[in-house]
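Protein sequences appear in the order of chains A and B.
Letter 35 of the first sequence, counting from 1, is numbered 35 in the working numbering, and no numbers are missing.
Letter 131 of the second sequence, counting from 1, is numbered 131 in the working numbering, and no numbers are missing.
If you are wondering where the hints come from, they were derived from the structure by calculation, not from laboratory data.
Idealized CB from N, CA, C, for every residue including glycine.
The reader is advised that the hints may include incorrect statements.
[Claimed, not checked] Computed from the model, here is a short list of chain B residues facing chain A with C-beta under 10 Å: (1) 115; (2) 396; (3) 418; (4) 480.
[To be verified] One side only, chain B facing chain A, incomplete, derived with CB under 7 Å: (5) 415; (6) 472; (7) 473; (8) 476; (9) 477.
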Amino acid sequence: MSRILDTLRYSKDHEWVRIEGEKAYVGITDHAQDELGEIVFVELPPIGERYRKDEEISSIESVKAASPIINPIEGVVLEANEDLDGSPELINEDCYANHIYVLGSFSREEYDSLMDGTEYATYLASL
Amino acid sequence: MIEPLLIEKSVKGRLAYRLPPLDLPETFVRELEPLPAHLRREGSARLPEVSELDVVRHFTRLSKMVHGVDDGMYPLGSCTMKYNPKLGEEVARMAQFTRIHPLQDVSTVQGCLSVIHSLLEDLSAITGMSWGSLQPCAGSHGEYTGLKMIRAYFLKQGDRRRTKVLIPVSAHGTNPASAAVNGFDVVEVASNRKGLVDLADLKSKLSDEVAALMLTNPNTLGLFEEDILEISEAVHEAGALLYYDGANLNAIMGKARPGDMGFDVLHLNLHKTFSTPHGGGGPGSGPVMVNDLLRPFLPKPDIIPQEEGYAFDWDRPDSIGKVSMFWGNFLVYLRAYVYILRMGGEGLRAAAGHAVLNANYLAKKLAPYYEIPYTSGIMHEFVISVKNYKERYGVTAEDFAKALIDEGYHPPTVYFPLIVDEALMIEPTESESPESLDAFIEAMIRIAEKAKRDPASLKKAPVSTPVGRLDQVKAVKDAKVRY
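Go ahead and model the full structure; you've got the sequences and the hints to work with.
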């Protein structure tokens, strides 16, 4: 059973979003990291670029496959988690403590339309 | 036991042979244009100093640690690891083919030129295309070449809007890679519940910005795209071209032709369908074949029949140019030519039939033990999902694959296509007899029982190999490619 935090919002593509003030932190869910298996590389998005919802923002590579990271809400990339450069396995260790990037000037409306923990659990069970 | 590297066996001064004294005049050597100083080696090359016997034993031991189709079944899905008949090897070793040079005057290599021309004629007939080029040296190289021609075709018409290439989610990873390398943007097309191209999704993504749809048929789930004529019509109506990834031609060879389905360009993997060796990652051969629309854009030179014999035609103004040195991997496609001649039309058709029959026999026999998510119209291969084993017993596709090694098989393709969870993709090819298929089925059943009874034992597999599970993460992150 994969771990789901009630404090986060989730997309259908298995990204999570956490809002702290004016920043939206984005990462991949426990289900996603478990499906991917051991992660060997995380491509970090370029700072300052604006991405729309559902746009492919970067990619993540595991021993099994390379998969796109689908941006869950529109926003401008403020920061990327540089720790993942040398230690991509941090996402396997704790995917919720290790975000991939941070968005600013993000869409609150789109954030509100994401699934909450209960909805995401139901969604996972339906797959 | 792990075999040390040759450099680790090196003993100073040990030699395999001694060169005879130089018998060229010293002045000749001195007159050779000297290399610039920064390119000249200061000391001697650090090569292993070993005897001939050391080398022979080293490679003999290594050869015993591998698994080839000559050892046993090799059901690596999508790779068509069929047996490579030894006749092809024998012909490719004939001095008439090996003791020649590509820069020789064409009048002295007419035999080889006739092989190139006849093979292109045969491949055109088999695929229903009008002509092709044997230059590409791998399937991916063929894809690159095919897309480059598509690009040249639109640029020739002054159409610079078509920047997108549509690719189904089930496609081989090389498709998006080839499109990206050619400067196209990749747009994914969804699969429907049957595992086929979702027509509605395809149609919604077609526009005057789309250059091509790349399609494998049968697709990577081993299913025939039954809507191919409608797909072809929709793509052409939008002004785009249709690209055929020939990776799975083995299933339809001699039965149906991509040209008749409406494809404009395709590549073949001679090392799959036409039985040339896959050989440790190469050399492969990935000819491109085109219809009349794209023929002017083929790599040059073309080969043309003369009154007597053949000549190369370099005067091809719309050609995308050369894509490999000389004429591609000649000795590889020569083997394909031998294969075609030996099999004949009826033989090729029968091979496709047996490949499909073998896959369906395996799928039917394994169905009581393994979940096969897409079953309608299985062709030459099929995909098992061990998701239920993972959920109940914690045993993954990788564990099943490793356990098969201990049973004496090369593992199937794992975790591909991406639309199936915990995928094992099995392609038996036509080479296997009913007896060897039955033995494989028994091995798969034994592993399924083990997964339920003693899942921990599968986690330890393989135990019969010189090394067990390798650290895959370290291999990717911290690769050492030199000593």
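Evaluated hints:
The criterion of a C-beta within 10 Å of any C-beta in chain A is not met by residue 115/B, whose closest approach is roughly 39 Å, and the hint is violated. For residue 396/B, the shortest C-beta to C-beta distance to chain A is roughly 8 Å, which falls under 10 Å, so the interface hint holds. At a threshold of 10 Å, the smallest CB-CB gap from residue 418/B to chain A is about 6 Å, leaving the interface hint in force. The beta carbon of residue 480/B comes no nearer than 15 Å to any beta carbon in chain A, farther than 10 Å, and the hint placing it at the interface is violated.
Interface hint status for residue 415/B: upheld, as the beta-carbon distance to the closest one in chain A is roughly 4 Å, under 7 Å. With 7 Å as the threshold, the beta carbon of residue 472/B comes within range of chain A, its nearest partner Cβ sitting at about 4 Å, so the hint holds. A hinted interface residue such as residue 473/B counts as satisfied when its beta carbon comes closer than 7 Å to some beta carbon of chain A; here the least separation is about 5 Å, so the hint holds. Because the closest C-beta pair between residue 476/B and chain A is about 4 Å apart, less than 7 Å, the hint holds.
For residue 477/B, the suggested interface contact is upheld, since its CB lies about 6 Å from the closest CB of chain A, less than 7 Å.
Going down the numbered hints, you'll see the structure goes against 1, 4, while the others check out.
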